[in-house]
Structure formats: C-alpha cells, structure tokens
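**Q** The primary structure of each chain is shown beneath.
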Amino acid sequence: MSSKTRFIGAVEIGTSKITVLIGEYTGRELAIIGYGECQSRGVVKGTVVDYKAASECTHSALEAAEQGAGERIDFVYLAQSGGHVEGFYNEASVNVKSADNMVSMLDVDTVCSLATAKELPAGRMVVHNLRRPFRLDGRIVPGSPEHLVGRRLESGYWIVHGQENKLADGIHVIRGFNLSVRELILSSLASGHMVTTPEERHNGILSIDVGAGTTDYVLYRDGCPFVTGVVAVGGAHITNDLAIGLRLTEGQAEKLKVHHGRALIAPGSKGEKVWLDGNFAIGDRQFPRHTIEQICAARTWEIFEVVKKKLGPAFAPDKCAAGVVLTGGSSKLPAIAECAAKVFGVPVHLGEAPSTVSQNLREPGYNTALGLLYYGLSSQTEAAPRAAHRKSPNFLQRILSGF
Amino acid sequence: MSEQSGLFPTARSWRDIPQEVTPRAMSKTGRRRYALAIGKVVAGIAFAGAVTWATIALITAIEYHPRTIARADEVGPVRAMPDFKTDGVLTAEWAVKALAIPKGASLMELDLRQLQARLLASGQVRVAVLEKRFPDTLVVRLNERTPVTRVMVRDGSGSPQMYFVAGDGVVFQGEGYAASFCNALPWLDGVKLVKHGGRFDPIEGMDVVADLITKARYESQRLYSLFHVISLAQFHSDGFIEVRSPVCESVIFTTHENFFRQLAYFDYICDAMKPTADNPLARIDLSLGRNVPVAFRDAVASKGSRRVEASAGDDGRRAAPITFPLLQRNPPQREL
Chain H
9 MSSKTRFIGA
19 VEIGTSKITV
29 LIGEYTGREL
39 AIIGYGECQS
49 RGVVKGTVVD
59 YKAASECTHS
69 ALEAAEQGAG
79 ERIDFVYLAQ
89 SGGHVEGFYN
99 EASVNVKSAD
109 NMVSMLDVDT
119 VCSLATAKEL
129 PAGRMVVHNL
139 RRPFRLDGRI
149 VPGSPEHLVG
159 RRLESGYWIV
169 HGQENKLADG
179 IHVIRGFNLS
189 VRELILSSLA
199 SGHMVTTPEE
209 RHNGILSIDV
219 GAGTTDYVLY
229 RDGCPFVTGV
239 VAVGGAHITN
249 DLAIGLRLTE
259 GQAEKLKVHH
269 GRALIAPGSK
279 GEKVWLDGNF
289 AIGDRQFPRH
299 TIEQICAART
309 WEIFEVVKKK
319 LGPAFAPDKC
329 AAGVVLTGGS
339 SKLPAIAECA
349 AKVFGVPVHL
359 GEAPSTVSQN
369 LREPGYNTAL
379 GLLYYGLSSQ
389 TEAAPRAAHR
399 KSPNFLQRIL
409 SGF
Chain V
500 MSEQSGLFPT
510 ARSWRDIPQE
520 VTPRAMSKTG
530 RRRYALAIGK
540 VVAGIAFAGA
550 VTWATIALIT
560 AIEYHPRTIA
570 RADEVGPVRA
580 MPDFKTDGVL
590 TAEWAVKALA
600 IPKGASLMEL
610 DLRQLQARLL
620 ASGQVRVAVL
630 EKRFPDTLVV
640 RLNERTPVTR
650 VMVRDGSGSP
660 QMYFVAGDGV
670 VFQGEGYAAS
680 FCNALPWLDG
690 VKLVKHGGRF
700 DPIEGMDVVA
710 DLITKARYES
720 QRLYSLFHVI
730 SLAQFHSDGF
740 IEVRSPVCES
750 VIFTTHENFF
760 RQLAYFDYIC
770 DAMKPTADNP
780 LARIDLSLGR
790 NVPVAFRDAV
800 ASKGSRRVEA
810 SAGDDGRRAA
820 PITFPLLQRN
830 PPQREL
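So the sequences go chain by chain: H and V.
Under the working numbering, read the first sequence as residues 9 to 411, first letter to last.
Under the working numbering, read the second sequence as residues 500 to 835, first letter to last.
Just so you know, not all the hints are guaranteed correct.
Unchecked claim - Some chain H residues judged to face chain V by a derived CB distance under 8 Å, without partners named:
(1) Lys126
(2) Glu127
(3) Leu128
(4) Met133
(5) Val135
(6) Leu138
(7) Pro141
(8) Val351
In case anyone wonders, no lab produced these hints; they're calculated from the structure.
Nothing here was measured: the structure is a model prediction, and the numbers come from that model.
From the three backbone atoms N, C-alpha and C, an ideal C-beta is built for every residue, glycine too.
Start from the sequences and build out the full structure, keeping to the hints where you can.
**A** In structure tokens form, the structure reads like this:
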C-alpha cells in the first residue's frame, strides 16, 4: 500500500438513514471498499436534534463500514443539508490593472476576494463559495481569465451559508468518533455531481435530491453550480400526509406509500382498492388506491412547486437544456419524473450512478454518499494547486494533527 | 491573494468551527480511537527521541571518546583473568584452568560454545554464561550445583575417591568446598553408579532424597547431623530411604508419606528414648504410618539373634511401638 493511499469516509447523516462509505484513494483512482448503514435517530429534517442518539447511529454505521473495509478512516467528507442552509449571489468587478490590459493573477484574486467579501448575519457561516464563470468585458470565460486581454473582469459567487450551531452539531458527531471533517459538502452538490455529466452541467440541468426530510436541489449552468437550495419537505411528509389522511401509523403509511404510492394519479385507479398488508390478518383493511395516489401526488406536486418557486427566475426552461434529474430515496416513487416534468415543463429523468459503481450501491439513496467522495476529491484536486502556494504545515503541526 | 485578502471583510467559514470535542462527548469507540491516536503520537515522539539520543551519543563518542568504540581490527589479546562471578564456591583461577584459553588469543578467536562446554564438563557447573566484552575481556557467569550427599567411588585404579551428588542426581568430583561442609554431608549407599563417556550417569530419584535431606536440615540441624549414611538399596523397589545414624542403626523413611511428619516422629522418638552412640536403637520404621515400630539393641542381645517388638504401655525399655496418640499431644510445635 502506497504511503499516499488515503481512506476517506463519506458520511451522510440523513433523516431516514445514516450512510457511510469508505473510499480508498490512491492518488489516481478511488475504490469503494467499505459500506455502513444505520437507521437514523435524533435527526429531523436533516438537522441533528438529539446529539446522543445521532452519535450512536452514526458511530455504529462508521464502525460497520470500518469493519467491512478492514481499514481505519483517515478523514471524513460530511454531507450537509437542512432547512437552515441558504444561499445568495454576490458579484464584483475590477478594472484590469496592467497597461496592456492583460489579466494577471492579481486581478483574478482581487475580483474573487471582492466577490466573496460579504459579511453574514451573526450565527451564520459559509459552507461553500461556488464561483460562477468569470466574465471579461461581458463575455463568459469558462476557465481562468489569466493572460486574456480585456478591460473589465467580473466574477460572481453563489455563497451557501448555514446556521453555525447546526453545522457544528454535525461536525461534532463525527468528531465524537475521533475523526476530523475534511470537507463539509452540500448534499445537493454531492448527489448532483453523481447523477449529472459535465456536458449536462454545461448545457444546464436541475438536479433534485428528494430525501426523507429535505429536498435538496442544485441548478447547473455553464458547467458550474448556479443556484442551490434546500426545501425542508421530503418523502417523510408524504408518509405523514398518508398517516393523517387515512388514519394510519407511520409504519403502515410508509408501507402503503412504498407499495401503492404514485406521484401522479393513474387513470384507472378510481374505485380500485388495495389491502394494507394483503395477508388477511386481523387489522388488515382496504384503502382506495385513488385516495392514496391523490395524497402522494398532491404532496409531490407541492414539493416541486416549492422548488420551482424558490428557484424563481434562475430557472428558465430555455437555459436548462438538459432538463431535470431526480435522485434521492423518494425519487423511487412511481411517476415522479412525469410529475416533475409537468411542474417544470422540461424533460425529467431519474438519475443513475455511473456504471463503474457496484450494483448494490446504485440505488438513488446512495448517490449523495457516493457523490461526497467524488465531489470531495475533485474539489480538493482543484484546490491543491492553490493550496500549494500556502505555507505547508510544519512537523509539530503534522504530529498534532494526528489527534 | 494573501495581500489582497486582508483588505476585504470575510465571512466566517465552517472551517472556523473548532472540531475538538471533549473525550466525554465521544462514544466508547471514539475514545478508544482517541487513546490509540495519542499512543501512536507518544510512541512516535519516543522513537524519534531515542533515535536522536542515540545519534547524539554516537557522535559524541566518535568525537570525544573514540577509544570507547572498539574496532574489530584493534582487538588485543584476551585478559588472562576473566570477569568472573558465581553463586557457588568456584574461583576465577579454576575458571582459567577449566577454560584453557591459549595464551595471546584474541576475543574474536574464542568459540564461546566450546568454552561453555569445557566449564559444564566439571558437573559442578549447572549453567555457564559467557560473554565477550570488547576489547579484551571475557565475562563468565556461573550457576553451581549444590551437593546434598557424597559417595565414595573406587575407580579402575582401585583407589577410593570421594564424589558429590547434587539434588538433580548429577555426580561430580567437586572443588573448592570447605572440609567442614564436606564432613557434614551424609554418605550415599546402595546405589550403582554407571559411567558413560568419562562421567557418571545421574542417579535417579535423587530429587526425593534431596527433599528429605533439605527438610531434615530445615526442621532441625540436630536431626540432620544424625544422618550419617543414606542407603537407597530399597528405594527403587519399595520406596524406602534408609538412614543410618550413630543413635540408630537403621531409620526407615518412606517416600509415600510426608517427610515432615516422619521427621517429626523420628525427632519425638529420639527425645523420648534418648538413644546415644553408646546405647543406640536398632531400628525405627517410619514407613508404617501411625504405628512406628522401634527395635532396641539390648532386646536383640537378650533374645539372641531375634529383635523384639512389643506394645506401648509396657515397660518402655523392654519394648514398645510408639503409638500415634502420644504424638498428637503437642502437634503445634511440630507443624505436622
């Protein structure tokens, strides 16, 4: 084993389940070598509300993954979601300083610093600074504008921020296992990175991760994340609606949703009845399929409507040529793609992990954890040349980092 | 970038969140991982410290005390007198003689296994540890056997020679023992010594005999002094150890009973009967458990060639088995 080999843990502390993947990164390629999953407790709408319960679940998932991999995790990429996560756009522009109007690195740094220099309200912290493409005299520059000639350099950042104490809770849960969080990655970015191709991102695509407690979305344009957001509504709300509407327990409602739920009302479902369990046991009863579908469809439609509303003018069908891609555990609801297509008015398809991923991890519920590894590594690789300019840690700091 | 970045206000990032948590907030597995991480760091620091210290010590030695680092090509002839230590009576002079190192030989030439074999050949040495201490010293550490009995052997030339027998049965000639120590050792009788390759084979069962002798010495030096001859004639057949002493012609011990108990009986009988060298007892048989038949010489004499064994309660001098209840009257002193 090379000394450069790192064992990276991808942890998603979700509302319904906690997923841990361990990736062995050799510096060139990534292999998934461990997997752990645990039913989530102490997490509501993507936010830790019971530290002890959430810690126990997360740690048991981490332990299972480590045992499966037979290796110890070096550091963790943690998925971040929750209704407290928000974003806004901030841009800046500078006049190119050099006499020959050639953009220098100093110009680039200045405009980037200006665009990210935005103070946040007390208790808020930046999670991501997502840069949109540079503009030089109004024209889009997909890569670095250095050495290009122009007068005015513009840059814009989509700044994602969250509530400090809620961000800290997730980090401390991981730290309680004596692991450090190397990257905090927005869930939508992770899953979006997994289910979209660079070409789709360039053409414009909206990725929606419908989870149990939250729905995370990211709109890509020109190859970059354009807008991100989190809606604190998910599959669990469909279950809850069914439980209230049909007077069922959550477990029974979940069962009905999984077996008979549909995001659009099927034409011939009226008058048809379905059994709760189908085993003719005491307590087993029938429900109208139409009612179940009505409830599921209404809530699913509402989720997409909320997403569309939050996107606002940023979402335009003509600038979203690749359409919409759905992922997340709740995207398994039948006819959800058709439902989304009706709401957004663009082609919608279900996201799939690349064929290189093993079959048992190709469920839509694992795309976030998989994306954490791939997105985390790609973002670190991009950041590496910049980080090389910074002073490397000294010997003592390296030793202390062992703690 | 770094010059520019100081000019603009920057929002706090999630990276500013301190990741340290107290071990109390960790799970059991987390604490275990934490302890392991600390252990690794401590071990790493200790290793680095040890390497640094060794390097400094080596550099110092090379720079300031080059003579302390011996070079193989500078090794001179080995010292005549080794660095000798033993837990017994042998001396450094004996070791020099036994080792027979050629004059002028260097440490590099010495074969320690061969030298060790020479030391062990004496039989008196149980363990010999040899070490080369450069540049010129041979270190010898010995662990010796302690004799428990002695035996007179008439070898091929016909002249009798005294040998010692250790607790593990090894028979050796012995050297360096004081005359008083030798004279105090009981003689061994009733054994057949077999010689192989110039050495006698170890005597089987000597560990049991040594146990009896050690316990006698431990119980009472007076009792031990009565052990003049120990005969193993019936040892292998019946498990009897016969002790001959000035106060009793034959005391029979058995290996099937506790030696401490038998010694206590013997001591009691000696105290009760008060035999002397002028008026010794003929036989005390301690092999029968609670009943200890005692035979007297005067009774033997009065009845001709027959020995008389009578019951307790009769007139003591005439005869009597010393019965067990008598012994039970004062057991604490005997620790039976």
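**Q** With reference to the structure, classify each hint as holding or not holding.
**A** Now the hints, each set against the structure:
A least Cβ separation of about 6 Å between lysine 126 (chain H) and chain V falls short of the 8 Å threshold, and the interface hint therefore holds. For glutamate 127 (chain H), the interface hint holds, the least distance from its beta-carbon to any beta-carbon of chain V being 5 Å, beneath 8 Å. Against a cut-off of 8 Å between C-beta atoms, the interface hint on leucine 128 (chain H) holds, since the closest Cβ of chain V lies about 4 Å away. Given hint, methionine 133 (chain H) at the interface with chain V, holds; its Cβ is 5 Å from that chain's nearest Cβ, closer than 8 Å.
Checking valine 135 (chain H) against chain V: minimum C-beta separation of about 6 Å stays under 8 Å; hint holds. Restraint check, leucine 138 (chain H) versus chain V: the minimum CB separation of about 13 Å is more than 8 Å; hint violated. With its C-beta approaching chain V no nearer than about 19 Å, proline 141 (chain H) sits outside the 8 Å limit, and its interface hint is violated. With 8 Å as the threshold, the beta carbon of valine 351 (chain H) stays out of range of chain V, its nearest partner Cβ sitting at about 32 Å, so the hint is violated.
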